[in-house]
Amino acid sequence: MWDKKLFKNIDYYLLISVLLLVVIGLVMIYSATRNNYALTGGDPFALVKKQALAVAMGIAGMILIMLSDYRFPDLIFHILYGLNLLLLLLVLSPLGMEVKGAKSWLNLGGAFSLQPSELAKLLVILTLAKHLADKEEIDSFWDLWSPFIHIFFPLVLILLQPDLGTTLVFMFFFFVMLYVAGYSRRFLLGVILAGISALVLLFVSHYYLGTPLPFKEYQIQRMTIFLNPDRDPTGSGWNVRQAIIAVGSGRFMGKGLFQGTQGRLGFLPESHNDFIFAILCEELGFLGGFLVLALFFIIIWRCLVIMQQAKDKEGVLITAGITAMFLFHIMENIGMNIGIMPITGIPLPFVSYGGSAMITNLLAIGFIENIWLRRQKLLF
Amino acid sequence: MKNRTIKGLERSVKVLTILVVLIFSVLLFRLWYLQIVRGEEIFAKSSQNRTRPIWITAPRGNIFDRNGELLVTSRISHVVSVVPEDIKDNPYVVQFLGRVLGLSEEELFQRMEERAKYQKNQYVPLKRDVDASTIGQILEAKLDLPGVVVEDYPVRSYPKGEWGAHLFGYLGEISEQELAQRKGLGYRLGDLVGKMGLEKTFDYELRGEEAVRIWEVDRVGQPIRVLEEKKYIPGNNLHLTIDLRLQAVAEQALRDQLAWAKTQTNPQLNKANAGSVVALDPRNGAVLAMVSYPEFDPNLFVGNITSAAFNELINNPLNPFSNRVTRGQFMPGSTFKPITVLAALEEGLVKPDETFTCTGVFRVGNRQLRCNPAHGKQTVVDGLKNSCNTVMAELALRLGPEKLAAYAKLLGLGAKTGLKLEPEDLAGLVGDPEWKKKARNEPWYPMETALIAIGQSFVNVTPIQLAQVYAAIASGGQVYQPQLVWKITSATGETVAEFSPKAVRKINVKPENLAVVREGLTKVVQEGTARYAFAGFPLARIPVAGKTGTAENVGKNDYAFFASYAPADNPELVVVVVIEEGGFGSQAAAPVARKIYEAYFGLEKSAAGATGDNRFGGPDQAALME
Chain D
0 MWDKKLFKNI DYYLLISVLL LVVIGLVMIY SATRNNYALT GGDPFALVKK
50 QALAVAMGIA GMILIMLSDY RFPDLIFHIL YGLNLLLLLL VLSPLGMEVK
100 GAKSWLNLGG AFSLQPSELA KLLVILTLAK HLADKEEIDS FWDLWSPFIH
150 IFFPLVLILL QPDLGTTLVF MFFFFVMLYV AGYSRRFLLG VILAGISALV
200 LLFVSHYYLG TPLPFKEYQI QRMTIFLNPD RDPTGSGWNV RQAIIAVGSG
250 RFMGKGLFQG TQGRLGFLPE SHNDFIFAIL CEELGFLGGF LVLALFFIII
300 WRCLVIMQQA KDKEGVLITA GITAMFLFHI MENIGMNIGI MPITGIPLPF
350 VSYGGSAMIT NLLAIGFIEN IWLRRQKLLF
Chain R
0 MKNRTIKGLE RSVKVLTILV VLIFSVLLFR LWYLQIVRGE EIFAKSSQNR
50 TRPIWITAPR GNIFDRNGEL LVTSRISHVV SVVPEDIKDN PYVVQFLGRV
100 LGLSEEELFQ RMEERAKYQK NQYVPLKRDV DASTIGQILE AKLDLPGVVV
150 EDYPVRSYPK GEWGAHLFGY LGEISEQELA QRKGLGYRLG DLVGKMGLEK
200 TFDYELRGEE AVRIWEVDRV GQPIRVLEEK KYIPGNNLHL TIDLRLQAVA
250 EQALRDQLAW AKTQTNPQLN KANAGSVVAL DPRNGAVLAM VSYPEFDPNL
300 FVGNITSAAF NELINNPLNP FSNRVTRGQF MPGSTFKPIT VLAALEEGLV
350 KPDETFTCTG VFRVGNRQLR CNPAHGKQTV VDGLKNSCNT VMAELALRLG
400 PEKLAAYAKL LGLGAKTGLK LEPEDLAGLV GDPEWKKKAR NEPWYPMETA
450 LIAIGQSFVN VTPIQLAQVY AAIASGGQVY QPQLVWKITS ATGETVAEFS
500 PKAVRKINVK PENLAVVREG LTKVVQEGTA RYAFAGFPLA RIPVAGKTGT
550 AENVGKNDYA FFASYAPADN PELVVVVVIE EGGFGSQAAA PVARKIYEAY
600 FGLEKSAAGA TGDNRFGGPD QAALME
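If you're matching them up, the sequences are chains D and R in order.
Residues 0 to 379 in numbering that gives the first Met the number 0 are what the first sequence lists, from first letter to last.
Residues 0 to 625 in numbering that gives the first Met the number 0 are what the second sequence lists, from first letter to last.
A portion of the hints provided could be inaccurate.
Mimicking SDA-like on lysine to any residue, the simulated pairs with C-alpha atoms at most 20 Å apart in a straight line are [stated by the list, open to error]: (1) R:Lys6 <-> D:Glu136; (2) R:Lys44 <-> D:Gly236; (3) R:Lys505 <-> R:Arg282; (4) R:Lys6 <-> D:Tyr182; (5) R:Lys13 <-> D:Arg185; (6) D:Lys4 <-> D:Leu14; (7) D:Lys310 <-> D:Leu294; (8) R:Lys270 <-> R:Leu317; (9) R:Lys6 <-> D:Val304; (10) R:Lys6 <-> D:Gly181; (11) R:Lys230 <-> R:Pro52; (12) R:Lys44 <-> R:Arg29; (13) R:Lys408 <-> R:Thr491; (14) R:Lys141 <-> R:Arg224; (15) D:Lys254 <-> R:Trp31; (16) R:Lys44 <-> D:Arg230; (17) R:Lys6 <-> D:Tyr178; (18) D:Lys254 <-> R:Glu39; (19) R:Lys44 <-> D:Ile137; (20) R:Lys6 <-> D:Lys4; (21) R:Lys505 <-> R:Glu345; (22) D:Lys254 <-> R:Val225; (23) D:Lys134 <-> R:Ile5; (24) R:Lys199 <-> R:Glu423; (25) D:Lys310 <-> R:Lys13; (26) R:Lys141 <-> R:Gln94; (27) R:Lys199 <-> R:Leu69; (28) D:Lys254 <-> R:Glu227; (29) D:Lys254 <-> R:Arg218; (30) R:Lys6 <-> D:Ile137; (31) D:Lys49 <-> D:Arg33; (32) R:Lys13 <-> D:Arg184; (33) D:Lys254 <-> R:Ile35; (34) D:Lys310 <-> R:Lys6; (35) R:Lys230 <-> R:Ser76; (36) R:Lys87 <-> D:Arg184; (37) R:Lys402 <-> R:Phe457; (38) D:Lys310 <-> R:Ile5.
Hint data in this document are derived by calculation from the structure and do not stem from the laboratory.
Remember, predicted model here, so these are calculated numbers, not experimental data.
Can you make the complete structure from the sequences, with help from the hints?
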């Protein structure tokens with residue numbers, strides 16, 4: 000299975016950027032949590048250790064995937080699709096754990112838990128890519144609607160948790176994948192506009208006719224507060240304000256590693272998770288923020304290159320989905336850290352604390368590398 | 000699996016690339032905007048976010064008497080301070096503090112609002128001088144009380160209680176007006192400052208420099224550690240000219256006298272309820288004792304005075320806050336007479352051996368001034384000794400109102416003495432025709448000149464002015480500014496400032512004329528109106544000179560005066576006593592002065608004069624005016 004050539008052909012730009020981000024993430028998690036007794040229970044490395052374990056598992060999974068071929072038999076894809084739905088259903092069952100109003104977690108016993116919606120992103124990308132790739136032509140009505148049905152079930156289950164952020168990620172990579180797959184742009188635009196109209200209609204009828212909304216009040220509040228955080232500076236506007244203060248106060252050079260105050264003193268909650276970028280910017284300044292942006296840019300750039308060189312339609316679509324997933328995560332998470340995107344609770348890939356996301360993202364990189372390694376037949 | 004390519008892939012990748020570059024550009028631009036363009040401004044915000052300064056009052060300087068006896072000091076207590084922004088939305092903390100500090104929720108919010116007006120994100124004092132058991136309760140619950148700190152706090156302590164209250168004054172929270180006046184001197188809202196007395200006059204000297212401690216706090220306002228600290232500099236000490244021993248005697252004597260007066264059946268006497276005493280050194284103006292009664296206990300104001308106690312003081316009709324020595328303006332009655340005699344002698348309008356005949360009634364135009372009893376033949380010395388109104392009225396008419404007023408002013412009446420004590424002393428009044436025309440637009444009547452000559456009608460003096468007049472007579476014409484502080488030292492004992500006696504002016508009068516007045520005053524005590532009050536006093540060894548006075552006040556009992564100095568031949572001490580509504584000066588006021596002289600000269604208490612019953616009698620008793 001192992002091949003020296005294979006090893007030689009790994010995309011190191013991508014791999015090293017990812018690994019650097021992982022290391023930065025571990026350091027920043029340490030910085031953000033070492034003084035938080037409630038989180039660490041006294042061991043300043045507690046969360047770093049857990050995250051490192053996820054990294055190890057993720058890298059192991061990544062290597063396994065790189066060594067296999069992404070072109071799995073059809074049966075495997077059916078199983079993966081079924082497994083995904085099963086996990087998402089389990090989360091909604093009494094086995095699921097509710098954290099901060101969302102039922103997103105499955106307890107695996109002990110201190111470990113799984114967030115199936117993270118894994119779901121990758122599983123849906125893989126199965127959808129397979130589904131789209133298998134289509135010979137896109138001409139019948141059914142060809143247009145089958146991908147919607149494909150994504151409909153997992154999406155509804157995630158919305159039920161409710162996890163609005165992940166739903167948005169799905170929408171984003173779904174449309175990018177359809178676009179790359181060659182679906183008519185007019186059609187896609189029509190669908191997007193229809194979706195937006197439906198959303199507008201929903202709100203209009205809510206405010207004028209009193210019909211119920213499928214969102215919770217706090218979700219709407221959280222989604223719109225970034226436009227004017229001073230509207231509720233001590234409530235839902237708090238996080239945005241504190242994140243901006245953390246980022247801005249880092250100035251060019253930062254306050255110095257472990258010298259930040261916004262996270263350590265508790266002004267910025269979730270500083271190891273959703274707002275880790277703000278903490279990084281506070282401690283490492285514009286230099287640190289720029290470095291992280293640059294590493295992400297390299298990752299996206301390599302993904303786009305690999306996408307172009309993929310051997311087959313399936314590889315192209317998997318890469319497109321994963322690229323879109325990363326891009327949306329980066330845009331949304333960094334955007335909300337610097338006050339230009341709504342707060343949705345989407346973690347920063349490779350950096351934020353969270354095992355499920357880390358493993359999912361490393362597996363995703365495994366697939367990208369896999370596609371890259373198998374771009375040209377003559378290598379094998 | 001077939002190898003298929005996707006139509007238009009290159010184009011899709013191009014579009015995606017543009018999207019990616021766009022997204023990253025926006026992110027990078029925003030990052031640059033926040034960290035580089037607005038970096039400094041936001042950095043300031045983050046510092047404010049996490050730091051809470053607290054100002055810790057420095058111990059105020061001590062106040063000592065002339066011999067180094069401690070009069071006013073500070074003891075260490077505690078202050079509970081809060082950051083209003085950190086606690087106002089935390090009902091548990093508000094409730095807890097309200098309960099242990101005994102404050103209602105409204106009171107608590109009111110205090111925070113007042114004190115946090117111009118001060119955001121910093122600790123403001125909520126309650127001072129909190130007792131140890133309450134502090135214990137707060138410290139125990141510390142972890143549940145973000146935004147609250149307990150600090151050591153020097154509390155002003157007045158070990159002498161009420162004694163000297165008007166000298167020392169009291170402390171209170173700085174008002175917005177005071178804050179505006181003292182801009183740039185380091186005063187801050189919530190500071191305790193002197194509200195009157197020496198505490199106010201020398202507030203800047205006494206207060207020292209407060210400490211600043213900058214706490215780093217977490218999100219809820221729980222202090223984590225001290226980031227920066229500046230130690231305080233204790234205030235400077237005041238060394239007064241006051242002699243604690245004499246002050247104590249004066250305080251006690253005045254109280255005893257008022258208590259004794261209350262027990263009397265004589266309706267002239269038993270209404271006495273207020274009074275003042277001032278004793279100063281005529282050789283330099285140093286004030287040795289100063290009492291204004293009723294007093295108040297300045298200790299009441301150091302923590303947070305209850306409104307009940309405060310209202311009681313405020314609503315007392317006798318106004319305990321008023322310093323009667325410097326701000327009580329009284330018609331001086333017969334204590335004015337030496338001025339009349341001196342003026343007439345200086346103007347050459349009377350010879351020392353000239354005699355007047357007192358028939359008991361003196362006519363001025365169609366009005367008459369009574370003198371009771373008729374004194375018969377009197378020289379000016381006799382006139383002083385017996386307090387004869389007839390003699391004075393005759394002299395007044397010779398002098399005319401302008402000259403009489405001019406001499407009164409020359410000796411210091413009608414003008415502030417310049418004593419450095421807040422609130423400033425009042426100027427009193429010396430009326431003359433010009434004044435009356437201006438103030439009342441009325442003509443002057445000759446009778447009014449005669450009335451001024453005996454210290455009635457348009458003449459008002461403060462006890463400290465009267466003391467200054469008698470000091471001038473005692474010192475041979477030298478007028479000193481009364482003085483309370485002679486030295487200021489730092490907390491480490493170095494001299495910061497020293498105040499030498501301040502001669503205001505030398506009154507240019509002939510020594511022989513002054514000698515006549517002094518002879519008259521000496522005789523008042525030896526054989527005149529004050530002789531019973533000084534019965535048994537070793538006048539041969541320590542001759543006392545003085546003048547009794549009984550001033551009429553419409554609708555009130557007469558005010559009793561005694562203005563004096565001793566020893567008459569080489570004066571060291573001037574004592575002025577006023578007993579409001581005390582009746583006769585000889586009966587109500589002179590015994591207080593006597594006790595002060597006895598203490599000053601270290602005399603044994605003599606039997607006679609020590610009790611009130613025996614101290615007065617004789618011909619003056621029926622006098623309408625002394």
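List of violated hint numbers, smallest to largest: 7, 13, 19, 20 and 36
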